[in-house]
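Trainee: Here is what each chain is made of, one letter per residue.
There are 2 protein chains.
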Amino acid sequence: MTKERSTIVLFTFVPKEQQQRRLLDEFPDVTFLFTYHDKSRLEEAEIIVTYGEDLAEKDIDRAKKLKWIMVASAGIEKMPASTIQKKGITVSNVRGIHKTPMSESVLAHLLALKRSLPFIYEQQRKGEWNRKSGATELAGSTALILGPGAIGSEIGRLLQAFGVRTIGCNRSGNNANFMEKTVPYPELMAVLPEADVVISVLPSTPETRHLLTEAHFYAMKDNAVFMNFGRGDLVSDQVLIHALEEKLISWAVLDVFETEPLPKDHPFWTMDNVIVSPHVSSHSTKYVERSLDIFIPNLKKWLKGKRDFTNIVNLERGY
Amino acid sequence: MTKERSTIVLFTFVPKEQQQRRLLDEFPDVTFLFTYHDKSRLEEAEIIVTYGEDLAEKDIDRAKKLKWIMVASAGIEKMPASTIQKKGITVSNVRGIHKTPMSESVLAHLLALKRSLPFIYEQQRKGEWNRKSGATELAGSTALILGPGAIGSEIGRLLQAFGVRTIGCNRSGNNANFMEKTVPYPELMAVLPEADVVISVLPSTPETRHLLTEAHFYAMKDNAVFMNFGRGDLVSDQVLIHALEEKLISWAVLDVFETEPLPKDHPFWTMDNVIVSPHVSSHSTKYVERSLDIFIPNLKKWLKGKRDFTNIVNLERGY
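Respectively, the protein sequence lines represent chains Y and C. The opening residue of the first sequence carries number 1 in the UniProt record's numbering; numbering runs sequentially from there. The opening residue of the second sequence carries number 1 in the UniProt record's numbering; numbering runs sequentially from there.
Just so you know, the hints here were simulated from the structure itself, not pulled from any lab data. Note that the Cβ used here is the ideal one computed from N, Cα and C, for glycine as well. Fair warning: there could be bad hints in the mix.
As the list claims (entries may be wrong) - Heads up, simulated DSSO-like pairs for lysine-lysine below, C-alpha to C-alpha not over 27 Å straight-line: (1) Y:Lys132 x C:Lys78; (2) C:Lys221 x Y:Lys16; (3) Y:Lys132 x C:Lys247; (4) C:Lys264 x Y:Lys126; (5) C:Lys247 x Y:Lys286; (6) Y:Lys247 x Y:Lys65; (7) C:Lys132 x Y:Lys39; (8) C:Lys286 x Y:Lys247; (9) C:Lys132 x Y:Lys78; (10) Y:Lys65 x Y:Lys39; (11) Y:Lys126 x C:Lys39; (12) Y:Lys126 x C:Lys126; (13) Y:Lys132 x C:Lys264; (14) Y:Lys286 x C:Lys132; (15) C:Lys39 x Y:Lys16.
Stated by the list, open to error - Beta-carbon label-pair distances, calculated as ranges: (16) Y:Asn273 x C:Gln18: 38 to 44 Å; (17) C:Ser82 x Y:Glu246: 57 to 63 Å; (18) Y:Lys87 x C:Gly127: 38 to 44 Å; (19) Y:Thr310 x C:Asn177: 34 to 40 Å; (20) C:Glu207 x Y:Glu214: 55 to 61 Å.
Hey, can you work out the whole structure from these sequences and the hints?
Mentor: Written out as structure tokens, the structure is:
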């Protein structure tokens with residue numbers, strides 16, 4: 001009897017066998033539907049676990065029993081926020097689990113450029129012993145981190161270990177962890193000329209959309225490395241392409257783009273001062289496991305009628 | 001008069017204009033000969049500054065006034081040690097200045113593999129948006145550092161910042177900085193199975209030559225990354241090629257080789273689990289400047305008749 005009325009959790013992706021087992025063992029009375037983008041049983045689901053890119057407004061309308069969406073991702077900009085909010089559906093995410101893979105990706109790309117890894121790999125392909133790599137050092141540089149939250153501060157911590165001076169830039173200008181100083185957005189222009197590296201991990205919000213303009217790139221050092229690991233709409237393609245063509249900066253390392261997947265004929269693919277990373281900086285073989293580490297305690301609370309979740313998303317702020 | 005009898009310092013490489021200027025300004029009474037592998041004035045030199053690979057036994061015999069060889073490098077294995085020693089010539093090097101570029105190179109290569117940078121670069125060349133990068137994390141792994149001296153400990157410090165457990169291995173087994181534990185060479189076999197990364201920064205000495213044998217590679221994890229940033233004779237080509245062909249380990253990142261330059265037809269160039277770095281991990285745009293930071297105080301002491309240099313090389317130990 002209880003079984004039939006049990007809570008139904010619909011996954012729109014398929015966790016590995018052992019991860020499914022972990023859930024089934026922890027929650028014998030819950031019905032889990034592990035599907036691959038299959039919404040045929042949407043009407044029954046009280047809880048949906050999704051990567052956040054497969055729910056349209058009509059899906060939310062159809063899901064009459066839906067009370068909680070757990071997004072196994074950080075960004076929620078592809079979800080129909082106002083419909084979800086209107087229906088009083090709780091949204092939670094996995095904020096925090098991207099910290100390790102993302103900060104490792106940022107450091108990997110940055111050190112790779114400083115130590116000339118693209119050059120070294122290319123010489124190997126050509127079979128040439130060429131020692132004129134032009135390698136330089138990360139130590140002693142200054143980094144500006146746009147969005148020094150959980151991920152940005154972790155990047156700051158690692159950069160400081162390499163002897164890098166860190167400046168944070170956020171909405172409040174309140175001092176953030178592992179930043180030597182933090183400035184609010186309006187002071188961005190003033191600190192840009194100090195930075196050898198400009199790293200964004202900002203989410204997409206009305207405030208961050210096209211935050212960086214042509215003037216910002218003119219203010220950067222001409223040997224600056226710009227790294228966008230937040231969201232692609234931080235800067236328009238037009239502004240960024242201009243900056244790269246005019247060599248206003250030396251490199252752009254991009255994990256996110258205005259249009260994803262990046263279109264086949266997009267100039268970024270072939271520009272010699274651009275690294276295209278296909279939005280994988282948060283990927284990790286440990287990703288789903290960590291998402292479950294967040295989801296399981298929340299689901300336990302849910303079943304007891306408690307709603308004091310970790311990682312509740314504020315749909316108005318957008319993160 | 002003094003001028004004519006002034007100390008003559010022969011450089012066998014040519015520092016940049018501003019570096020030459022720095023020396024001339026500091027030592028107006030010293031005669032500096034900045035040449036490119038030109039030994040025509042060898043007989044006059046009291047001091048030679050060299051990268052250490054251009055002095056043969058006959059050069060030492062010819063250099064009747066030579067009293068001090070300053071090697072702007074770490075390894076002295078290409079120098080005619082016994083002749084130098086017999087003639088009582090002092091040798092000093094630039095030990096310590098490689099710490100920053102080398103540890104950055106090691107971390108760059110290691111993070112690049114963990115975060116799938118070779119894959120990402122290749123997809124960009126092909127113009128393909130492929131997110132199946134297989135990226136994993138450095139955090140949580142265990143690293144074994146062969147030779148945890150100045151450079152090895154700096155690598156250890158950075159690895160620890162990334163949440164890596166560090167084990168050192170040296171001659172004495174005495175605890176080294178930034179190592180959670182340190183074992184002597186005979187215990188190497190016992191700790192190898194724990195290591196996800198095995199990094200050597202060992203110099204070339206009779207003791208380290210072919211220190212690693214086939215058995216050591218069988219003892220490593222099959223997903224271990226082996227990084228040789230010390231000297232190429234740590235392991236024979238034959239042993240290493242066998243280990244890579246048999247997939248006893250997952251990657252070798254090699255900055256040093258038994259034969260350098262690596263011969264055109266060497267299998268390492270094209271093996272898909274080898275990164276060939278042409279002995280550039282210590283290179284840096286700041287290299288010569290830092291060498292002068294060591295040379296200048298020593299030269300001041302020399303001119304005052306003092307011999308308590310920093311970085312005197314013990315020719316018998318070989319470093």
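Trainee: Taking 27 Å as the top limit, are the C-alpha atoms of Lys221 (chain C) and Lys16 (chain Y) close enough?
Mentor: The hint holds at about 24 Å.
Trainee: Taking only the CA atoms, is the gap from Lys132 (chain C) to Lys39 (chain Y) under or equal to 27 Å?
Mentor: holds, 24 Å
Trainee: Are Ser82 (chain C) and Glu246 (chain Y) spaced within 57 to 63 Å by their CB atoms?
Mentor: This hint holds: roughly 59 Å between Cβ atoms.
Trainee: Does Lys132 (chain Y) pair with Lys264 (chain C) here, judged by a C-alpha cut-off of 27 Å?
Mentor: holds, 18 Å
Trainee: Has the given pair, Lys126 (chain Y) with Lys126 (chain C), been kept, meaning a C-alpha gap of at most 27 Å?
Mentor: Measuring from Cα to Cα gives roughly 17 Å; hence the hint holds.
Trainee: With a cut-off of 27 Å on the C-alpha distance, tell me whether Lys39 (chain C) and Lys16 (chain Y) pass.
Mentor: violated, 67 Å
Trainee: Between Lys87 (chain Y) and Gly127 (chain C), does the C-beta distance stay in 38 to 44 Å?
Mentor: The hint (38 to 44 Å, Cβ to Cβ) holds, given that Lys87 (chain Y) and Gly127 (chain C) are roughly 42 Å apart.
Trainee: Given the proposed pairing of Lys286 (chain C) with Lys247 (chain Y), does the C-alpha separation stay at or below 27 Å?
Mentor: Distance of about 24 Å is within 27 Å: holds.
Trainee: Would the pair Lys126 (chain Y) and Lys39 (chain C) pass a check requiring their Cα atoms to be no farther apart than 27 Å?
Mentor: violated, 34 Å
Trainee: Given the range 55 to 61 Å, decide if the beta-carbon distance of Glu207 (chain C) to Glu214 (chain Y) lies inside it.
Mentor: holds, 60 Å
Trainee: Can you confirm whether the C-alpha distance between Lys132 (chain Y) and Lys78 (chain C) stays at or below 27 Å?
Mentor: Distance ~21 Å between Lys132 (chain Y) and Lys78 (chain C) Cα, so the pair holds.
Trainee: Is the hinted range of 38 to 44 Å satisfied by the C-beta distance from Asn273 (chain Y) to Gln18 (chain C)?
Mentor: violated, 28 Å
Of the numbered hints given earlier, the model fails hints 3, 6, 11, 15 and 16; all others are met.
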